[in-house]
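Trainee: From first to last, the protein sequence lines stand for chains A and B.
If you read the first sequence in the working numbering, its first letter stands for residue 87, the second for the next number, and so on.
If you read the second sequence in the working numbering, its first letter stands for residue 849, the second for the next number, and so on.
No lab work stands behind these hints, which were simulated from the structure alone.
All values derive from a computational prediction rather than experimental measurement.
Do not rely on the hints blindly, as some may be mistaken.
[Stated by the list, open to error] Which residues of chain B face chain A? A few of them, derived with a C-beta cut under 10 Å, are:
#1 Leu935
#2 Tyr938
#3 Ala940
#4 Leu951
#5 Asn1002
#6 Phe1042
#7 Phe1099
[Claimed, not checked] Heads up, simulated SDA-like pairs for lysine to any residue below, C-alpha to C-alpha not over 20 Å straight-line:
#8 Lys877(B) to Phe311(A)
#9 Lys223(A) to Ala898(B)
#10 Lys218(A) to Trp343(A)
Just so you know, even glycine gets a beta-carbon here, dropped at the ideal spot from N, CA and C.
Okay, here's what each chain looks like letter by letter:
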Amino acid sequence: MSAPSALPPTQAATAAVHTAGVPAHTSDRRRRKGALARIGAVAWWLAVLAVSVLTVFPLVWTIITSLKPAGDILSGALDLIPETVTLENYQRVFVEVPFARYFLNSLVLAVAGVVANLFFGSLAGYAFAKLKFRGRKALFATLLSSLMIPGIVTMVPSFLVLRAFPLAGGNTILGQGGVGFLNTYWAIILPGAAGAFAVFFMRQFFASIPDELGEAARIDGASEFRIFAQVYLPLAKAGAAVLAILTFQAGWNNFMWPLIVLNVQEMWTVQVGLASFITDYATDYGPLMAGTVISSLPVLLLFVFAQRYIIEGVAHVNAR
Amino acid sequence: MAVTSEVSARADRARGGAPPPARQNRTGKQWRIQERWAWLFVALPMALFALFVLIPAVMALAMSATNYSIIGDWDWLGLENYRTLFLDPYFAIALRNTAWYTLMFVPSGLVVALATALLLNRRVKVAALFRTFFYVPVVSSTVATASIWYWLLNPQFGLLNVALGWVGIDGPAWLYDSAWAMPAIVMMSVWAGFGTNMMIYLGGLQGIPPQLYESSRLDGASWWQQFRFIIWPSLSRTTFLVSTLLVIGAFQVFDQAYVLTKGGPGNSTITLVYYVYTQGFGNLEMGYASAISFVLFVIIAIFALINVRITGRDNT
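With the hints as extra help, turn the sequences into a complete structure.
Mentor: Okay, here's the thing in structure tokens:
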């Protein structure tokens, strides 16, 4: 809390106690204590560096591997500095499979997910936090308890709902005959548009803003929508930003649902495309590593720039 | 006098449904307008929620009693699917593999998360930097993580076996060995996910009053005694939350098994969700797949309810 020190607060405190007017004969012990603290600090550095290597190095190694020509990948697997640097693997990823198209698909889907969740999450979250209406408690309780249902339970029926959507994808008004929303962007966007999590998250945020602001605006004759859009929403900007980042990350990294509802190759996302590499090019590590780097790039960049918000957001959500 | 009673009567009427706070003198009309706006705000989100969560959940339960398979007719089977399930050797394998995964993943995930949180629980600037480094795997997708580990776990050229070779250990074939494929997936999952639980533990650690450490220090407590008598008891609720999250996540493992091993070698990595996926979308046995997913739901619900009961009791 006070001066930044390499010691944990407890050790700093004891050090202070020991230096404050201790008899001379304990100076030897004090020196030993100091040595111990220094050993502790060294051990701490070694430990955190070791863990950091374990978490970061595999990614670095992936990048390095992706830059090596095919021949060097296996022979010089451990060379940290490639003898020849080449972008051949990246080129192959884009030429041999429509990776640019996957990238575009993922981008559209992740951004649409962010927009939809921000919009629906803040509208419904605001209503649950600040407006009084009959059935509010029951609705919100249903929403909350649905967070307990594992995704796998609703997966098969959701697939059928999308397939039987009336008047979509050649379907009749009764939802017969066509493929509905399968193999379209809607198959990802619609089921994820109003996530219970987004509503819950925004509700918590709006609930922490005082009611008095809305009451004052109401007396001035503002409509409920204006109160939402001009009074409360600007105050919830920080929460909305965290939600946007988390939603983008989740949308970009989503794998199972796109795998199920998008089975035309040009509709695939980067994750589905990347997973197909492992069977298609079982031993061709170069393009696989290049694809891994490309697929991780957007979220890694987002993380670098917004890591404080991501980590705080995660800690905040999980703390409840 | 008459006017005030009129106002309070209206307020009483307004309070009839969901009671608004008593301090405002809102009239019935304003209250109705607000209710209309509220419904406008929640209508579309709730419609989507109903369409893709509530209705499917009910459908899943109904479908689990049929032999629905997308194509052709279907029959009502009652509990037949569930009976088949308990005689199905692949369901038994999937259940055993999932339990095995959970047994390895939950304790190791817990220990790594707690150890790294203890390591980073220091009020120094660099701790924040290392927190970021430790969190990096969480940000990457499971598929990207799996590809990286696919390379790390390569029996001949992978970093892991090369490093084991340095200390004279002949590493196993990992994903190609039915005994080692699941441990490899566990290792990868712990690596990929500990950052989140580390953050929860850090939150718990920061809630421990510093005076507790200080007084124990003055009493000459060793680090281990501090951990044993202060930190560990103070974190009991956090540990409970983290282990519940780990168990719920473990039972739903899919991405890693799908990307890395496709259930193999020798069925050693077929998990429950993987089995639902292959039955539902591979064999188009949608009714049967729903029954499996319901068994999974019951397992997860039991853990979630235990969590709610225990943490709820602690609150009061």
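Trainee: State for each hint whether it applies.
Mentor: For each hint, the structure was consulted:
1. Checking Leu935(B) against chain A by beta carbon gives a least distance of about 22 Å; that is not within 10 Å, so the hint is violated.
2. Here the hint on Tyr938(B) is broken, as its CB sits about 16 Å from the closest CB of chain A, past 10 Å.
3. Hint on Ala940(B) is violated. Least Cβ distance to chain A is approximately 19 Å, over the 10 Å limit.
4. At about 19 Å, the closest approach between the beta carbon of Leu951(B) and any beta carbon in chain A exceeds 10 Å, and the interface hint on this residue is violated.
5. Because the closest C-beta pair between Asn1002(B) and chain A is about 8 Å apart, less than 10 Å, the hint holds.
6. Hint status for Phe1042(B): holds, given a least beta-carbon distance of 9 Å to chain A, under 10 Å.
7. Look at Phe1099(B): its Cβ gets to within about 8 Å of chain A, closer than 10 Å, so that hint holds up.
8. Among the hinted pairs, Lys877(B) with Phe311(A) is consistent with the structure: their alpha-carbon atoms are about 17 Å apart, no more than 20 Å.
9. Annotation: proposed proximity of Lys223(A) to Ala898(B) holds, straight-line Cα distance about 16 Å (limit 20 Å).
10. Note on Lys218(A) and Trp343(A): the hinted pairing is violated, with a Cα-Cα distance of about 36 Å set against a maximum of 20 Å.
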